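S.K.: So the chains spell out like this:
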Amino acid sequence: MSSVLAADGIVKRFGAFTALDRVSFRLERGRTLGVVGESGSGKSTLGRIVMRLMAPDAGVVTLGDDDLLSMSERQLRMARRRIQLVPQDPRHALNPTMTVQQSLAFQLRAQGIPSREWQARSVELLARVSLTADYLHAYPHELSGGQAQRIAIARAIANNPEVIVADEAVSALDKSVQAQVLNTFAELQSDLGVALFFISHDLAVVEHISDDVLVLNRGQVVESGPTRAVLDDPKDPYTRVLLDARHSAEAV
Amino acid sequence: MNLDTTTTASGGRLDAQIPLTLDASNVSVSFRSPRGGWNTVVDSIGLGLERSQVTVLLGESGSGKTVFARTITGMAHPAAKVEGTVEFDGVDLLTADRRALRRLHGDRIGMVPQDPNSSLDPMRRIGGQITETLLQHGKVPNRAAAVARATELLTLVHIAEPERVLHNYPHEISGGMRQRVAIAIAICCEPELIIADEPSSALDASVGVQVVRLLDDLRVRMETAILFITHDIGIAALIASKPHDRVAVMLGGRIVELGFAHQVLHNAQHEYTRALLAAEPSANTARGELAVVPDEVRMRRDWGPLRDVEPGHAVASTSQEVTA
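Residue numbers (the numbering used here), protein chains in the order written: chain G, 1 to 252; chain C, 1 to 324.
To be clear, the hints were calculated from the coordinates, so they are not data collected in a lab. Nothing here was measured: the structure is a model prediction, and the numbers come from that model. Please note that the accuracy of each hint is not assured.
[Unchecked claim] Each computed DMTMM-like pair below joins lysine to aspartate or glutamate, with the alpha-carbon atoms no more than 20 Å apart:
#1 C/Lys-139 / C/Asp-216
#2 C/Lys-139 / C/Glu-190
#3 G/Lys-175 / C/Glu-289
#4 C/Lys-242 / C/Glu-192
#5 C/Lys-81 / C/Asp-43
#6 G/Lys-175 / C/Glu-280
#7 G/Lys-175 / C/Asp-295
#8 C/Lys-139 / C/Glu-192
#9 G/Lys-175 / C/Glu-60
#10 G/Lys-175 / G/Asp-202
#11 C/Lys-242 / C/Asp-216
#12 C/Lys-81 / C/Asp-92
#13 G/Lys-175 / C/Asp-197
#14 G/Lys-235 / G/Asp-212
#15 C/Lys-139 / C/Glu-152
#16 G/Lys-175 / C/Glu-198
#17 C/Lys-81 / C/Asp-97
#18 G/Lys-175 / C/Glu-296
#19 C/Lys-139 / C/Asp-107
#20 G/Lys-235 / G/Asp-67
#21 G/Lys-175 / C/Glu-271
#22 G/Lys-175 / G/Glu-187
#23 C/Lys-242 / C/Glu-223
#24 G/Lys-235 / G/Asp-211
[To be verified] With the Cβ distance kept under 8 Å, some of the chain G side facing chain C (calculated, not the full set):
#25 Gln-88
#26 Ser-176
#27 Ala-179
#28 Asn-183
#29 Ser-190
#30 Leu-192
#31 Ile-209
#32 Asp-212
#33 Val-241
Idealized CB from N, CA, C, for every residue including glycine.
Starting from the given sequences, assemble the full structure and let the hints guide the process.
M.R.: In structure tokens:
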């Protein structure tokens, strides 16, 4: 199966510090790759590099069949529609001076969709994330954290992306709201076939949503493979530490 | 013992013969609303804390857990309207003057903050910050004894090379170590009560678990009462490690369920607690099928008073049942 997003031998240094050391992965259509690690493991840096928000010192990133790192700015603008970001804090990602409708229309216009279709298409996008048309006229500050995160997802899917990079996208949410957003991601995946590059420090969340996992420690992939195989029988001591932390918190 | 309507539920009272370390009754906290009137953030909560016992306040953001914890230690927000009483060794902490509170805080009541950066002074070495507390509360006769005690305390919170760390500034040590230093300061006077407000949530999971285990271990050794605030069910289960530890579930400024940890976490009776537990992501739930806490439950505020459903386990009824 051909991958929608793949990286090979990514190296990123900040001065003498190696943030990523020969990191490779493949993400296939409609699948979820969970990227786990603690702070400083390099997972967010990897997220930035696969979106080409940051250039690596070595390595290759391919989006479908295209080499993301050698693209011109113009080609990149087109490619960015295919790979969309949902960040940790949606309130930072949404323009505070735009209503939900304006934020969504901005994306639709960029795709050349005629303005008479914006309204209907926006309502459709909201329905996808289980919100009613009432929210079209809301400003970001009027939304709860979970609502704002679902708007950020709606905006991401407005571009019909092949991949969504979710960087700690549910970490700041209350548990009751987190479940809604995780369900939203899962529905998008089954309905639209979008692949998820899901960065999180929360193993329970990753275990729930991921087909495959990539465990990062100090910039190196210490373990990767199908979620069940890796988490049921971790080979790497660091993965075991992460799992221990969770299991001890789960046992009463 | 003062048992008003909100505390009639036995809610995990270990032994009525042993006096409570802290006894909060009917505590309400309101803030003036910008639209006029008052917003009630904490609504007539009664809660007793006993030595050697962990009481977890489990709640989502806005449930009032932090406001309640700050208020019952006498640190209510200046703009807050506070009602009720909080008895601690014969003193009502809600009406005690600042001098009395200053004597208690750091000495008999220790606080572990969420973010150790907010409690440690960035401009002063770790050693000075610990010895200051010891000297201020008259726990040591002189500076040399204070330094020796500070070294001991750092060892107690599992800091390797305590002599070196005493000379470090907060920014020179890791976040997990800073939190352990904050715990060392909280316990340096051997308090009867520790209030820990999300002490692990700013830390990486593996470090957070170590910090929680450390607090658990210390309260056993020092027979301290701990009020532990968290939004994380896994962490609640971890700190409430002993059979007599309790969990209080907060929603909209109320305690809606209170009982021993195994009762609340394994045999939840309140619909909000059940929904919250069901919403925990797990590999056993099919993708897209996580239970969602219904807004009607999450937003609902008219729960009745706590009623015992089994010994030690109390649940807020729905108001329909109350009027029936």
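S.K.: Are the hints correct? Go through all of them and say.
M.R.: The hints, checked one at a time:
1. C/Lys-139 / C/Asp-216: This hinted pair is violated, its Cα atoms lying about 24 Å apart.
2. C/Lys-139 / C/Glu-190: holds (10 Å)
3. G/Lys-175 / C/Glu-289: Holds - the C-alpha atoms of C/Glu-289 and G/Lys-175 are around 14 Å apart, at most 20 Å.
4. C/Lys-242 / C/Glu-192: holds (18 Å)
5. C/Lys-81 / C/Asp-43: The given pair, whose Cα atoms are some 12 Å apart, holds under the 20 Å limit.
6. G/Lys-175 / C/Glu-280: holds (7 Å)
7. G/Lys-175 / C/Asp-295: Holds, because 13 Å separates the two Cα atoms, which is no more than 20 Å.
8. C/Lys-139 / C/Glu-192: holds (15 Å)
9. G/Lys-175 / C/Glu-60: Holds, at roughly 7 Å.
10. G/Lys-175 / G/Asp-202: holds (12 Å)
11. C/Lys-242 / C/Asp-216: It holds: about 9 Å lies between the C-alpha atoms, which stays within 20 Å.
12. C/Lys-81 / C/Asp-92: Holds, because 16 Å separates the two Cα atoms, which is no more than 20 Å.
13. G/Lys-175 / C/Asp-197: Holds, at about 18 Å.
14. G/Lys-235 / G/Asp-212: holds (15 Å)
15. C/Lys-139 / C/Glu-152: Holds, because 14 Å separates the two Cα atoms, which is no more than 20 Å.
16. G/Lys-175 / C/Glu-198: Distance ~15 Å between G/Lys-175 and C/Glu-198 Cα, so the pair holds.
17. C/Lys-81 / C/Asp-97: With a Cα-Cα distance of about 16 Å, the restraint between C/Lys-81 and C/Asp-97 holds, given a limit of 20 Å.
18. G/Lys-175 / C/Glu-296: holds (16 Å)
19. C/Lys-139 / C/Asp-107: holds (9 Å)
20. G/Lys-235 / G/Asp-67: violated (33 Å)
21. G/Lys-175 / C/Glu-271: The hint holds at about 15 Å.
22. G/Lys-175 / G/Glu-187: Since the Cα atoms of G/Lys-175 and G/Glu-187 sit roughly 19 Å apart, the hinted pair holds (cutoff 20 Å).
23. C/Lys-242 / C/Glu-223: Measuring from Cα to Cα gives roughly 13 Å; hence the hint holds.
24. G/Lys-235 / G/Asp-211: holds (18 Å)
25. Gln-88: violated (14 Å)
26. Ser-176: holds (3 Å)
27. Ala-179: holds (4 Å)
28. Asn-183: holds (5 Å)
29. Ser-190: holds (7 Å)
30. Leu-192: Status violated, d = 13 Å.
31. Ile-209: The hint holds - G/Ile-209 has a Cβ within 8 Å of chain C, the shortest such distance being about 6 Å.
32. Asp-212: violated (13 Å)
33. Val-241: holds (5 Å)
Checked against the numbered hints above, the structure violates hints 1, 20, 25, 30, 32; every other hint is satisfied.
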